[in-house]
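A.B. asks: Protein sequence lines, in the order shown, are assigned to chains A and B.
Numbered continuously in the working numbering, the first sequence closes out at residue 236.
Numbered continuously in the working numbering, the second sequence closes out at residue 826.
Heads up, a few of these hints could be off.
Unchecked claim - Computed list of lysine to any residue pairs in SDA-like fashion (alpha-carbon distance at most 25 angstroms, straight line): (1) B:K804 - B:A659; (2) A:K216 - A:L25; (3) B:K746 - A:A181; (4) A:K109 - B:Q660; (5) B:K747 - A:M187; (6) B:K742 - A:P202.
Unchecked claim - Derived DEER-like restraints, expressed as beta-carbon distance ranges: (7) B:K771 - A:R217: 45 to 51 angstroms; (8) B:L629 - A:C122: 36 to 42 angstroms; (9) B:G760 - A:C122: 21 to 27 angstroms; (10) B:I731 - A:C122: 58 to 64 angstroms.
The set of hints was computed from the structure by calculation and includes no laboratory data.
No experiment lies behind these values; they were computed from the predicted model shown.
Note that the Cβ used here is the ideal one computed from N, Cα and C, for glycine as well.
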Amino acid sequence: MAAQYKTIVKDGLWENNGVFAMLLGLCPAMAMTGTATNALGMGLATAAVMAASSMLVGMFRNQITQEVRIPVFILVIASMVTLVDLFMNAWMHELYKVLGMFIPLIVSNCLPLARLEAFAGKNSTLPSLMDGLFMGIGFTIALTMIGAVREIVGVGTLFSDASLLFGPAFKFMEMRLLPEDTGILMMILPPGGFLVLGLLVVGKRMLDVRAGKEIQMGGAHSAA
Amino acid sequence: MSKKERTLSHGLILGAFCLGFGIVLAYSDHITVEDIAARALEDKLNSLAQVIPSSIHDNNLVEDAITMKNERDMEITVYRATKEGKVVGLAYEIFGVGYAGKIKLMMGIDTEGKILGVRVISHKETPGLGDKMEIKKGDWILKFDGLSLGNPPVDKWKVKKDGGQFDYWAGATITPRGIVDAIRRGLELFNANKAIMMDMSAPKSQTNGAKKKEGH
């Protein structure tokens with residue numbers, strides 16, 4: 013059992029990382045990574061949706077028949093997204109003001125659906141919850157890395173406005189690494205997102221090659 | 611099981627999931643609806659407080675609002691600030707065209723048509739280049755405070771590049787041009803409709819913060 017969870021954690025964070033290995037969920041990975049703070053917020057919201065929907069599908073996997081599984085999966089994800097949307101709007105309003113218009117986009121992120129199809133539909137509740145959670149955390153880490161690189165090179169800050177998003181206690185995260193007006197504007201515009209993603213994917217593969225691993229080119233098809 | 615029965619059972623399963631999640635969503639909406647309305651009202655009052663200082667009035671701006679048509683036939687809400695029943699200021703949304711689409715601003719003016727404050731509510735301008743009108747990025751937008759349609763004269767209500775008096779930013783002329791134009795038109799709207807806008811006996815608008823959130 014422990015070995016199974018170890019694999020789940022390793023898959024989610026590194027081996028099958030949603031963004032860097034499977035190249036899924038690129039819409040939010042491009043649109044929300046202008047700053048590390050936005051990327052982190054978007055990642056956490058997605059992780060919450062993924063953990064909840066994976067757990068539910070794992071729980072009901074014997075009731076969901078093969079023929080109707082896709083509509084049920086979409087229903088589960090859409091419901092979880094709506095819940096996150098409502099709860100954030102009501103109780104985490106500052107975060108909602110920044111992420112609000114992107115939350116509904118989680119529905120169109122194919123990563124949660126891919127994990128339901130590839131993992132949660134075939135595994136019991138707890139492993140499914142773990143898979144959703146760690147795939148979500150892996151997604152969060154990937155987004156935050158892209159956001160951090162873009163923000164540092166683009167505007168010279170890191171985690172700016174983190175206190176606005178998560179509360180005054182997170183003021184310590186806000187840093188200015190380069191002097192003002194030295195940033196390369198392109199990096200916070202859409203092309204910067206693609207450049208940084210490409211470079212980080214290359215970086216991951218180089219590390220994998222160095223570790224003597226075979227590079228999987230199959231993307232989503234090789235998942236689980 | 612016959613094929614027909616199997617089809618029916620799939621339908622029932624899907625229907626059961628829809629019903630179950632429908633109930634969950636309805637309940638969640640029920641427990642959050644009041645908080646969400648309260649947050650929306652707070653947002654509105656916060657953005658109004660930035661353009662009409664709360665020291666000059668003693669009423670609730672959202673309660674004393676009317677709707678009217680602006681010069682482009684769009685419905686706008688005019689929030690009225692009163693002190694002891696007398697109108698002391700107005701706030702309404704104005705719209706400019708920027709580099710990447712519509713720029714929405716909230717402008718507060720006093721009864722003489724002098725600007726109390728202007729703030730950008732939403733825009734799609736390029737981050738780092740065309741967003742210097744945001745209050746957290748600089749004080750450019752504060753330079754309009756105290757100005758009116760005769761101060762400067764109408765033909766100076768332009769950016770410097772067009773022969774006016776307002777600064778623009780290196781690399782971005784279209785955004786400030788759109789904003790200056792929006793503010794000038796907003797002031798003209800007040801001059802043309804002063805009587806309607808300040809008439810406190812007019813029917814109050816139904817628009818208030820308690821309205822459920824708008825669709826996406």
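A.B. asks: Now tell me, hint by hint, if it's right for this structure.
C.D. replies: Now the hints, each set against the structure:
1. At roughly 22 angstroms between alpha-carbon atoms, B:K804 and B:A659 fall within 25 angstroms of each other, so this suggested pair holds.
2. Of the pairs offered as hints, the one joining A:K216 and A:L25 holds, with about 12 angstroms between alpha carbons and a cut-off of 25 angstroms not exceeded.
3. Taken as a hint, the B:K746 and A:A181 pair is honoured in the structure, with Cα atoms around 20 angstroms apart against an allowance of 25 angstroms.
4. Between the alpha carbons of A:K109 and B:Q660 the distance comes to roughly 18 angstroms, so the proposed pair stays at or under 25 angstroms and holds.
5. Restraint check for B:K747 and A:M187: the C-alpha separation of about 16 angstroms stays at or below 25 angstroms, so the hint holds.
6. Among the hinted pairs, B:K742 with A:P202 is consistent with the structure: their alpha-carbon atoms are about 20 angstroms apart, no more than 25 angstroms.
7. In this structure, B:K771 and A:R217 meet the distance hint of 45 to 51 angstroms, their C-beta atoms being roughly 49 angstroms apart.
8. A hinted range of 36 to 42 angstroms is violated for the C-beta pair B:L629 and A:C122, which are about 27 angstroms apart.
9. A hinted range of 21 to 27 angstroms for the beta carbons of B:G760 and A:C122 is inconsistent with their spacing of about 58 angstroms.
10. Checked against the hint of 58 to 64 angstroms, the pair B:I731 and A:C122 fails, with Cβ atoms roughly 33 angstroms apart.
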